[in-house]
Structures are given as structure tokens and as C-alpha cells.
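Trainee: One letter stands for each residue in the lines below.
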Amino acid sequence: MIGDNNLELRNVTPTPSPLRGEGWGEGEKKERESFVIQSNKKGFTLIEVLLALSIFSVVITIAADFFLSFQRTQRTTEALQGVGIAARSVMERMVSEVRSNQINYAFYTDGIVTPIPTQTLALVDGEGNKIFFRQEEEGSEHCSVPCAAMSLDGIFWSSLTPRGVRVLALNFYITPRLDPFLFESGSAAYASNAQPYVTIVLDMEGTSVLTLGQSRITLQTGVESRVYKR
Amino acid sequence: MRKGQTLLETVVALGIVTSALIGVFTLVVNNLTTERAGSTRMQAVNFAREALEAVRAMRDSNWVAGHDTWEGIATGAEQSLVFYPASGGSSLFPGGEIALYRLSSGLHVQSSAEGVQTQFSRWVNVAKLECSNLPTDAQAACAALDLEKVGSRITAHVRWFEQGRQSEVNLTEDLYDWR
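Just so you know, the protein sequences line up as chains A and B, in that order. Using numbering that gives the first Met the number 0, the first residue of the first sequence is number 0, and each one after it goes up by one. Using numbering that gives the first Met the number 0, the first residue of the second sequence is number 0, and each one after it goes up by one.
Hints may be right or wrong, so weigh each one.
What the hints assert, rightly or not - Here are the computed lysine-lysine pairs in the DSSO-like style, where the Cα-Cα straight-line distance is at most 27 angstroms:
hint, chain 1, residue 1, chain 2, residue 2
1, A, K228, B, K148
2, B, K2, A, K41
3, A, K129, A, K228
4, B, K148, B, K127
In case anyone wonders, no lab produced these hints; they're calculated from the structure.
When you get a sec, could you build the whole thing from the sequences and use the hints?
Mentor: Next up, the structure:
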């Protein structure tokens, strides 16, 4: 049935159009062509093309601007998030080490913490194992940008900060400057009378030039050593 | 001849496109605002912890120096905390919140002599802990000691303004005279 229909359709002779039908004279040919072009295949005028192009470019510019600003904002958010996570993790690491260990006063010249602030935090645990924290400069073994680094011997350092984060400052304010657990037999007194306490200032930002200056976080906190010896 | 769009159709189409764009834009901007607020809150929590540690260091330094445990840590609400990161030591006194100032080194202190004022301000509440504040199983033993005060409940408050909105974090720690 369907085949029959198709066959039937194919055999249908097109109805002659009243405009293009047979019977046009030779002399009328030119007139007929121009009539066909005018009525059926009209092009765009220059003005129309220019107008369309200008509307298109305005729309595209606005859309591109929106897209770029979305992208910029998203990048800033991402950078800020990365710096935040890094700052928190580095800070918590240092805080927990200070809390459960002692200040290694012997590391500092003559057992006096100098200068203030000091760049290196030297700690020692109950078994004499040493822990150091400091800011490593650019180009050192483990950091391509300035990073926060930790060491267990003061020689080999490993980075605590991930890629994409630069440490602008890492300062330690250690008080008291003299070991309160050191009994000086000469003066028959302890070197100082306060529980060791460290103020840590950590300043970081993302390394991406696209978000420079917008992803900076400064964290400051204080932590006291929980080792009670007197 | 093809019929063009009516004005109403065009306005509706534009409205849909615009509201979609506004939606995305709001989402992206709020995302950044929330992230920034999170960073500021993290800073505030660290400042609050600093205050708690400073008060704890007062108690512990009193022990080390052989002073009375609660010397300098008087009971009272809304006390100002001034501490000296470089020289050590802190003091608590009635006076309410104190603004934090950022020095060029990145250190935040309470002095306005130099440095730039930040949006943070801080104060400390010190409440007296009595036997009734302890867990029930410890109360009988505590009462037998007949102490006027068994400890101090330290609450560090940090308040800040961001885009006209006020936020606050409170951290609390109970200190006891266990030595």
C-alpha cells in the first residue's frame, strides 16, 4: 500500500505555476528572470548586514565579558580556597607540635632566642628528638617558591605547603627568651620564670598571577607549650 | 511569508536569558563572598585561640613563678586583653573590646601607636567555676574540699565587620588549678 502511494506520488506531475508556466514568449524572458529574482531570492542590503554584524558583536562582547568575569571570580575563589586550606594545615601542624613539645633553647645562640621575631622555630620532644619549622627561600631543594618547611635534623627540609601557594612571611615570637627549665647554679635561680609560649604569624598567598593580591591570608595565633616541668 | 516574533515573545525570551545569567552571576559572586568570609572566620578563630592561650599562659606562668594561680585573672565579663608577643606576658582588665592593629611585619597587636586597624576586635570573659559546674560524679568530692573557686571559665570573643555585617566567634576553655 505504502509502495503504491509512493509510486503514485512520484508520478504526480507538478502543477504548472502561474508565474513560471509554459507559454512564456521568447521576448518576455528577460522580464521574467528579473521578476523571479525580485520576488523570491532577495539578498541582504549593506545596511542590514552592518546592523546584524553590530548587534552580533555587541551581544558577543557582553557574553564574553560575562564569561571572563565568571572565570576570574571562580579562579579567585579557587586560589583563596587553596591558600586557606594550606594556611590551616601548616598552622595546625605547628600549633600541635608546640603544644606537645618544648622549645629547643639550645638551638639558639647562647640559649637566648634572638632575634625577635625569629625565623626558625626549634622544638625538642621528651626523648630529645628535634623538630624545626622555618620559611624556606625560593629555589631551595623542595620549594620552587618560598614555602613553609619542616625538618627533623635541621639539614634536610621538606615543604609543608602545596604547589601554587607562596609563603610571604613565617615569624615566631618566642617567650620567654631564656629557658625557664634551666637551673643556673651560678645564680642559683632559673633562667626565667614563665611558661614557654609562641606567637606564630603566617602570611601566604596564591602564586597565580591572575589572582595576585586577592588570595592573601594572614593567620596569627598563639600557643603555649604543655610540658610542665616546674 | 514567514511571520516574525511579536514583541511579547522577544521580551519573554530576553527575560529568560537575563534571569539565567543573573542566576549564574549571583552564584559565582556568592561563592567568592562565602570563601572570603570563611577565610576571615578562620583568622578570627585563630585570634580567639590566641586569647585563650594567652590567659592559659598567665595561669601557667604564675605556677612557674610561684605566684598565686589566678593572679591577674580576675573574674569578670567583657575584659580587655593586652598581650605582648615580643616581650611575653599579658594583662586582663575591665574595659571591653579592643581593636586589633596590624603592624607592617604582619603581627597583630592591640596597640594603636603604629599599624593599621583591622576589622577585628576582641574581649575576654572570665567566669568563676564552682563545684556545681563540675560533672555530677565529681561534685561530692569537690564539695568536701570546700573551695571558694575551683577554676575559671575563659571565653574569648572576636567580633568583626565584613560588608556591613557583624560576625562573632566565641571560644571557651575551662582552666583549673590542678597543681
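Trainee: Hint by hint, note whether the structure agrees.
Mentor: Hint-by-hint comparison with the structure:
1. A C-alpha spacing of about 25 angstroms is found between K228/A and K148/B, which places the hinted pair at or below 27 angstroms, so the restraint holds.
2. This hinted pair checks out: K2/B and K41/A have alpha carbons roughly 17 angstroms apart, not beyond 27 angstroms.
3. For the given pair, K129/A sits about 18 angstroms from K228/A by alpha-carbon distance, which is consistent with the 27 angstroms threshold.
4. Taking the CA atoms of K148/B and K127/B, the gap is about 6 angstroms. The hint holds against a cut of 27 angstroms.
Comparing the model with each earlier hint shows no violations; every hint is respected.
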